[in-house]
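Position chain Z relative to chain X; hints supplied.
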Amino acid sequence: MSKPSDLIQGTLDLLILKTLSLEPSHGWAIAKRIEQISEDVFQVTQGALYPALHRLEQQGWLRSEWRASETGREAKFYSLTRAGHAQLKRELAQWERLSNAMGLVIRMV
Amino acid sequence: MGAALERHGPRHTYGLIFVWRWFQVGRMRLRTLLRRGRVELELDKELRFHLDRQTEENIAAGMPPDQARYAAVRRLGGLMQIEEECRTMRRTDFIESFWYDLRYTFRALGRSPGFALVMVLTLALSIGANSAIFSVIRGVLLRQLPYPEQHRIVRFFLSSAAYPKFPVNAFDFLDFRARNHSFDCMAIMSRADLQLSGAGEPQRLTGFRISAGYLRVLGLRTQRGREFDTRDELPGNERIAIVSDRLWRTRFNSDPNIVGTKIRLDGRPFTVVGVMPAQMQHPGNEYRPVPYGDSVDVWWPFTFEGNPDRRGSHYIEGIGRLKRGVQVASADAEMNAIMAQLAREHPDNDSGWRVLVIPVYREIVGASERMLLVLLGAVGLVLLIACANAANLLLARATGRRREMAVRLALGAARSRLIRQMLTESLVMSVLGAVGATVIALLGVRGLVTMLPAGFPRSQDIHVDFAVFAFTLAIALTTGILFGLAPALQSSRADVHQNLREGGRGTTAGARHLRMRNWLVISEVSLACVLLIGAGLLLRSFLNLMHTDPGFRAERVLTASVSLPQETYKDGPAILRFCNQLTERLATLPAVHASGLGSDLPWTGYDDNLGGFEIEGKQPPPHENFHARYHQTSPGYFRALGIPLLSGRFFSAADNMNGPLVMIVNRAMAQRYWPGENVIGKRINFFNDHPKEKDWTTIVGVVGDVKDTPQKSSVEPAFWWPIQQTPFGFPGLMIAVRADSDPASLVSGVRSSVRDLDPALALADVRLMEQIASESMSAPRFSVFLVGLFATLAITLAAIGTYGVISYSVNQRMHEFGMRVALGAKPWDVLRLVLAQGMKLALAGVLIGIVCALVLARVLRNLLYEVSAADPLTFVIVALLALAVAVLACYLPARRATRADPMIALRAE
Chain X
1 MSKPSDLIQG TLDLLILKTL SLEPSHGWAI AKRIEQISED VFQVTQGALY
51 PALHRLEQQG WLRSEWRASE TGREAKFYSL TRAGHAQLKR ELAQWERLSN
101 AMGLVIRMV
Chain Z
1 MGAALERHGP RHTYGLIFVW RWFQVGRMRL RTLLRRGRVE LELDKELRFH
51 LDRQTEENIA AGMPPDQARY AAVRRLGGLM QIEEECRTMR RTDFIESFWY
101 DLRYTFRALG RSPGFALVMV LTLALSIGAN SAIFSVIRGV LLRQLPYPEQ
151 HRIVRFFLSS AAYPKFPVNA FDFLDFRARN HSFDCMAIMS RADLQLSGAG
201 EPQRLTGFRI SAGYLRVLGL RTQRGREFDT RDELPGNERI AIVSDRLWRT
251 RFNSDPNIVG TKIRLDGRPF TVVGVMPAQM QHPGNEYRPV PYGDSVDVWW
301 PFTFEGNPDR RGSHYIEGIG RLKRGVQVAS ADAEMNAIMA QLAREHPDND
351 SGWRVLVIPV YREIVGASER MLLVLLGAVG LVLLIACANA ANLLLARATG
401 RRREMAVRLA LGAARSRLIR QMLTESLVMS VLGAVGATVI ALLGVRGLVT
451 MLPAGFPRSQ DIHVDFAVFA FTLAIALTTG ILFGLAPALQ SSRADVHQNL
501 REGGRGTTAG ARHLRMRNWL VISEVSLACV LLIGAGLLLR SFLNLMHTDP
551 GFRAERVLTA SVSLPQETYK DGPAILRFCN QLTERLATLP AVHASGLGSD
601 LPWTGYDDNL GGFEIEGKQP PPHENFHARY HQTSPGYFRA LGIPLLSGRF
651 FSAADNMNGP LVMIVNRAMA QRYWPGENVI GKRINFFNDH PKEKDWTTIV
701 GVVGDVKDTP QKSSVEPAFW WPIQQTPFGF PGLMIAVRAD SDPASLVSGV
751 RSSVRDLDPA LALADVRLME QIASESMSAP RFSVFLVGLF ATLAITLAAI
801 GTYGVISYSV NQRMHEFGMR VALGAKPWDV LRLVLAQGMK LALAGVLIGI
851 VCALVLARVL RNLLYEVSAA DPLTFVIVAL LALAVAVLAC YLPARRATRA
901 DPMIALRAE
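For the protein sequence lines, the chains are X and Z, in the order given.
Heads up, the first sequence is in this note's numbering, so the first residue is 1 and it goes up one at a time.
Heads up, the second sequence is in this note's numbering, so the first residue is 1 and it goes up one at a time.
Read the hints as simulated data drawn from the structure, not as lab findings.
Remember, it's a predicted structure, so these values are computed and weren't measured experimentally.
C-beta: ideal position from N, C-alpha, C; glycine also.
Mixed in with the good hints, there may be bad ones.
[Said to hold, decoys possible] Once the Cα atoms are required to be at most 27 Å apart in a straight line, the calculated BS3-like pairs of lysine-lysine come out as:
(1) X:Lys32 / X:Lys18
(2) Z:Lys826 / Z:Lys840
(3) Z:Lys694 / Z:Lys618
(4) Z:Lys45 / X:Lys32
(5) Z:Lys45 / X:Lys18
(6) Z:Lys165 / Z:Lys323
[Unchecked claim] Quick look at which bits of chain X chain Z covers, simulated, 3 or more residues with Cβ under 8 Å:
(7) 22-28
(8) 64-76
(9) 82-88
(10) 96-107
Excised from the complex, chain X in its bound form:
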């Protein structure tokens, strides 16, 4: 499995879940959204995106359906399941704890 260069795997999951919590979208759009919002800080390795999406879907956090995209062509749209929402909440809490702790450590040392 190829490792995303900048992102640890948990972070990629969190980004995907967060992005999809706004609205359902397809793989390409997710990649673009993450890059835009983070002002290109997170260069999503697109190759890592799809295995992650498929994994999250297999784990029941996401569901998918085929429908017309903004260009009119059929695309696979992912959206959060209720379990996915709960999972996002957990991961966010985890992340905040982690980043607070990191912040403290960095300021103290």
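For chain Z alone, kept in the frame of chain X given last:
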């Protein structure tokens, strides 16, 4: 991740989401498995969509189209790799490769159907036998008794040097009940059948007199009405009854108002005060036994009558419910302490006794437990042999497939993958075996239940149920892994280079296989020997039982029982009149050779003892008293049953109330109390402290010995009073009629003889004496049949195993045999060579088997009759038999070896 936080969320909604999530996951997996093509297509389409959008964006940013496409692909990364990673995310590759292995297995088995058939059939037989025995064990030993908290229920008996397990005395019981602190509740029961008359045919009911608290001890309640209380134990209050659910339904049409109505029992009116619950099971009893189960029709109160200081009579059995947390051992200790007090208070009657406290479960299943465990052991050995056999056959096949394995290894297959493939094969066969086993178990259990020995406890609880299916499957999977693992490990270890070069001609790897297979054959033979020896010992003791002179002649004897209600047959003369009239009538029936009445019949386990009588001119040994089984008979009884007169005379019509008191003893009693003397004319005083001349009973005859049951190792001393002089009444009379021809033709004659005398009497237990004799042999017959069956299965499996190994080794050595023939060896020489190889294995197996059997046969000791557990004849015969079977199994491959063609061998060099 986040496990700590989950706890804070609202539980119920989270639970729902959780369930929904796994439903989703299951659906995804299923979709991946079942709609594989579509899932793949969608993956392709999804990635293509991404590439196209990226290309468009690149073009929009000013790239030329071909470069734009290329950049998009590069940005995404290796397409094949991403696809593969996405597939891995589906987590179904394990199942997919399992499907693959499964398909492969069925193809492989289809190519060698004979091999598959032998494997599956032997597994089905051995697993099925295990399942069948297990369902018996589950029903009899493992299933809970239908009493709440049954582990707290115990039975209690008295025990002395002369009587290891004896009923208690009623007044002793009252003291136990008053003084103990170990029991929640304590009760007694005593067999007391009653005759139901009134509307319809008179019917003999199996009945018990019980004290207050009997149902509380069992943890049950009447479904209607009430239980007995202590007021019902007072003399004169005994005319009330609780009827069984079955009797209530069948005889009283489930009358909802039955409580309070009067029914006629033994000619007297009884008030029904209750109906037992449908799940009521009689806990079984020892004295005048009625087996465990729905075997009792009516219960009536035990009333405590007589002088509480005379405690010599013992005919009631105790049962109690321990307080929570009280151990059997501490209850036993307390009861014995009370018994010691009683011995001080009533030294005449109560000294010399110990109290025996036994859990009710042990009482019910105890006797059958050993036999069942022996059967389980036997059938377990069969399973081990089947495993060894299956491993053996698989190894043989694996040797043939070494080249295939080598090729697959060389092409990069992981070893774990090959092991999995081979385990799949063995598991498929064991699961197919389990399917066959289930069928065998279903049929076998039905057969087993009909074959069970008479009086076997809880036979109605034996069913093939879910637990048995689970057991079958578990055994099948375990055996599948057990016999599949060794060959799988062995053959996947194959040295690629060598196997590819050898192309199947065996050298080192082949030798390793062969060594393992030799050991498997040796263990198969030795295990089969153990079983054969067990079966042989059981067979010998069964034959001993069959050929032991029973002491009576069962053929052409019809038996039946009748009980005379006290109301109409109050005193001796009335009973006597009935007996005389009945014998007269029976004698006039056509084709009757002899007929008689008695208190009991041979081999029915009758064991009523009378102790403490006085023998003229003798003193009992210290701390013991004179005792013997007591019976009563009419004059024709011994002649009807063919019990021989050894000296003196039988009773005659003149031995009545007007004549002097007389008795007949058996040989055992004569030898016990008058060793070396002529006993005719010796006298016994039964009931009088200061006997007058007329109180002495004179022995007028000695008859041959008959055991209580055929398995008993010795005969108890016994004596008979003439019915006309019997000092007290017996509950029932047994009728024995010897016919000149077919005794079954006498049934209607006997029935009408009884009915003509008294239409209110019910004739019960109409059976041929041969049936009774056969039933009392049914336990040894049962075990000898089953162990014999298992031993046959075992030796067959061992023969297949031996054949397999020798046959394989002959195939490997055909070339060598050809050379030998070319060098001048005669066919006989080759034959001898192969047979010797087989003999070596068989001999090793037989020797190991004999050693194991010497150790293991000791568990059989209780089931054996006049055979030592190390009986040399059995051991020698089994050894010879096993060797003979081995020779037979080797003969076919050996014959093939003699036909080795020297030309082929020479050409190959």
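Hints versus structure:
Of the supplied pair hints, the one linking Lys32 (chain X) and Lys18 (chain X) holds, its CA atoms being roughly 14 Å apart against a limit of 27 Å. With a C-alpha separation of about 22 Å, the suggested pair Lys826 (chain Z) and Lys840 (chain Z) falls inside the 27 Å cut-off, and the hint holds. The suggested pairing of Lys694 (chain Z) with Lys618 (chain Z) holds, with an alpha-carbon distance near 19 Å, which does not exceed 27 Å. Note on Lys45 (chain Z) and Lys32 (chain X): the hinted pairing holds, with a Cα-Cα distance of about 19 Å set against a maximum of 27 Å.
Distance check on the hinted pair: Lys45 (chain Z) and Lys18 (chain X) sit about 25 Å apart at the alpha-carbon level, within 27 Å; holds. With a C-alpha separation of about 24 Å, the suggested pairing of Lys165 (chain Z) with Lys323 (chain Z) holds against the 27 Å cut-off. Given a C-beta distance limit of less than 8 Å, the hint that chain Z covers the stretch 22-28 of chain X holds, as 3 residues qualify and 3 suffice. Taking a C-beta to C-beta cut-off of 8 Å, the stretch 64-76 of chain X contributes 7 residues in contact with chain Z, enough for the three needed, and the coverage statement holds.
Counting residues of the stretch 82-88 of chain X whose beta carbon lies closer than 8 Å to any beta carbon of chain Z gives 4, which meets the minimum of three for the stated coverage. Counting residues of the stretch 96-107 of chain X whose beta carbon lies closer than 8 Å to any beta carbon of chain Z gives 0, which falls below the threshold of three, so the coverage claim is violated.
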